[in-house]
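Student: In case you want the letters, here they are:
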Amino acid sequence: GAGVSQTPSNKVTEKGKYVELRCDPISGHTALYWYRQSLGQGPEFLIYFQGTGAADDSGLPNDRFFAVRPEGSVSTLKIQRTERGDSAMYLCASGTSSLNSPLHFGNGTRLTVT
Amino acid sequence: AQKITQTQPGMFVQEKEAVTLDCTYDTSDQSYGLFWYKQPSSGEMIFLIYQGSYDEQNATEGRYSLNFQKARKSANLVISASQLGDSAMYFCAMRDFSGGSNYKLTFGKGTLLTVNP
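Those sequence lines, one after another, are chains U and A. Counting from 1, position 94 in the first sequence corresponds to residue 94 in my numbering; the numbering is continuous, with no gaps. Counting from 1, position 112 in the second sequence corresponds to residue 112 in my numbering; the numbering is continuous, with no gaps.
Derived by calculation from the structure, the hints in this document are not laboratory data. Note that the structure is a prediction, hence the values are computed from the model and not measured. Careful, some of the hints might be misleading.
Claimed, not checked - Some chain U residues near chain A, calculated using beta-carbon distances under 8 Å:
no.	residue
1	A31
2	Q41
3	G42
4	L91
Unchecked claim - Below, in silico cross-link-like pairs of lysine-lysine (DSS-like), each with a Cα-Cα straight-line distance of 30 Å or less:
no.	chain 1	residue 1	chain 2	residue 2
5	A	K109	A	K16
6	U	K11	A	K73
7	U	K78	U	K17
8	A	K109	U	K15
9	U	K78	U	K11
10	A	K16	A	K70
11	A	K70	A	K109
12	A	K109	U	K78
13	A	K109	A	K73
14	A	K16	A	K73
15	U	K78	A	K3
16	U	K78	U	K15
What the hints assert, rightly or not - Derived contacts from chain U toward chain A, CB cut-off under 8 Å, selection only:
no.	residue
17	L39
18	P43
19	N107
Built from N, CA and C at the ideal position, the CB exists for glycine as well.
For reference, chain A alone in the conformation it holds in the complex (with noise of 0.2 Å):
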């Protein structure tokens, strides 16, 4: 069985400082992706990033990045420059490539950001 475990209930952070969201799962598939989203308390789910479990290197889009370890089974956000905007919650999600019901996405409980002016 998947799990996403996210154990920051809420952040803090400066205006234009980076920062970490973490965020570990629990596998025993060898193909399988990550994703992380962003909710603003408009409640739209906004896809941010996608690191899949054989890519060599760390995805990258804009200002976020994902810090992937697969030996630890981890993959946290990293935000850099944070913005007003940002603050939201996050939630991190796993697909199991490898399965029968292999499609769905399976979410972490999340951690809600506040950006700080």
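Chain U extracted, bound-state conformation (with noise of 0.2 Å):
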């Protein structure tokens, strides 16, 4: 079946701009997280969606940073006024509401930010 995918893979923005990442997880997960992981580092935890609402958005680094999951599907990560420390790979992942059960991540969206 398909897995999660995320668009666009990469994105180039001049500092101040405003981006979208998308990410469409698979298919009945309920769960859909988002990561940010910078060069050889692990991914670092943002947001975790449970449905429609945001569970958890402890992970979020100021309020240039917000998403949104309006029909419990597809999610969207939004970063208002970029800035060059934004640059980093972001990783959107989903997975079911069984606690064993592991996140299943799509290939990414590297943002470079100019």
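Take the two lone chains and join them into the complex the hints point to.
Tutor: The following block contains the structure:
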């Protein structure tokens, strides 16, 4: 079956611009996560959705970052007034509500802020 | 707070030999799960193996096995009969089962494994 799909795969933007990153999870997965991964580091948690609501957004670094999942499926991570420090790989993952089930990751969006 | 420590930034192994990648964790919860992922240079995170804190036996999945020592809070990944395609970053991750925001995985910094021919 289809895995987690993330678009675009690469995004280059200028400092100060607004960007949107899209995630299409595995069909039927109620849980959706966004992570950020810097070069040579492990993924860092940003936000978790259960259905349409953000159950945990404690990892969002500041109020320039926002994410939505209006219909409980596709999610969009939105970054306002981008800064060079936002450059990273943004990973989306989906999963079931079972705690012993793994997260299934997409291939990520590599964001570069110039 | 959860913490995952992977002390080996890089490891080398000869093809066909076994290798152990270390992972220690810190949690005050009794119920949790441990996951290992592989990330090749292509960037995709690939799930390898899972161990629950109450599982009595060490998990195995093909050439992957988990050396789980609960008292020492360690969950080392053992890869047997290494292949060139095993060259990748390997991440250990944990999920607490008993907290409020208990669904997220917390990752370590990873170990870069290089398999030499």
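Student: U/K11 and A/K73 were given as a pair; does the straight-line alpha-carbon distance stay at or below 30 Å?
Tutor: It is violated: about 40 Å lies between the C-alpha atoms, which goes past 30 Å.
Student: Given the hinted pair U/K78 and A/K3, is their alpha-carbon gap at most 30 Å?
Tutor: Satisfied, since the Cα-Cα distance of roughly 28 Å is no more than 30 Å.
Student: For the pair supplied as a hint, A/K109 and U/K78, is the alpha-carbon distance within the 30 Å limit?
Tutor: OK: A/K109 and U/K78 at ~26 Å, within 30 Å.
Student: Under the criterion that the straight-line Cα-Cα distance not exceed 30 Å, is the pair A/K109, A/K16 satisfied?
Tutor: 26 Å, holds
Student: Grab the minimum C-beta distance from U/G42 to chain A and call the hint holds if it beats 8 Å, violated otherwise.
Tutor: At 4 Å from the nearest chain A Cβ, U/G42 passes the 8 Å test, so the hint holds.
Student: Assess, step by step, whether the Cα of A/K109 is no farther than 30 Å from the Cα of A/K73, and give holds or violated.
Tutor: 17 Å, holds
Student: Is the straight-line distance between the alpha-carbon of U/K78 and that of U/K11 30 Å or less?
Tutor: Between U/K78 and U/K11 the Cα gap is close to 13 Å, so the pair holds against 30 Å.
Student: Quick check on U/Q41 please, does its C-beta sit within 8 Å of some C-beta on chain A?
Tutor: 6 Å, holds
Student: Would you settle whether the hint for U/N107 is holds or violated, based on the nearest Cβ-Cβ distance to chain A being less than 8 Å?
Tutor: 5 Å, holds
Student: Straight-line Cα separation of A/K109 and U/K15 no greater than 30 Å?
Tutor: 28 Å, holds
Student: For the pair we were handed, A/K16 and A/K73, check the Cα-Cα distance against 30 Å.
Tutor: Distance ~29 Å between A/K16 and A/K73 Cα, so the pair holds.
Student: Below or equal to 30 Å on CA atoms is what counts here, so check A/K70 against A/K109.
Tutor: This hinted pair holds, its Cα atoms lying about 21 Å apart.
Hint compliance for this structure: hints 6 and 17 are broken, all remaining hints hold.
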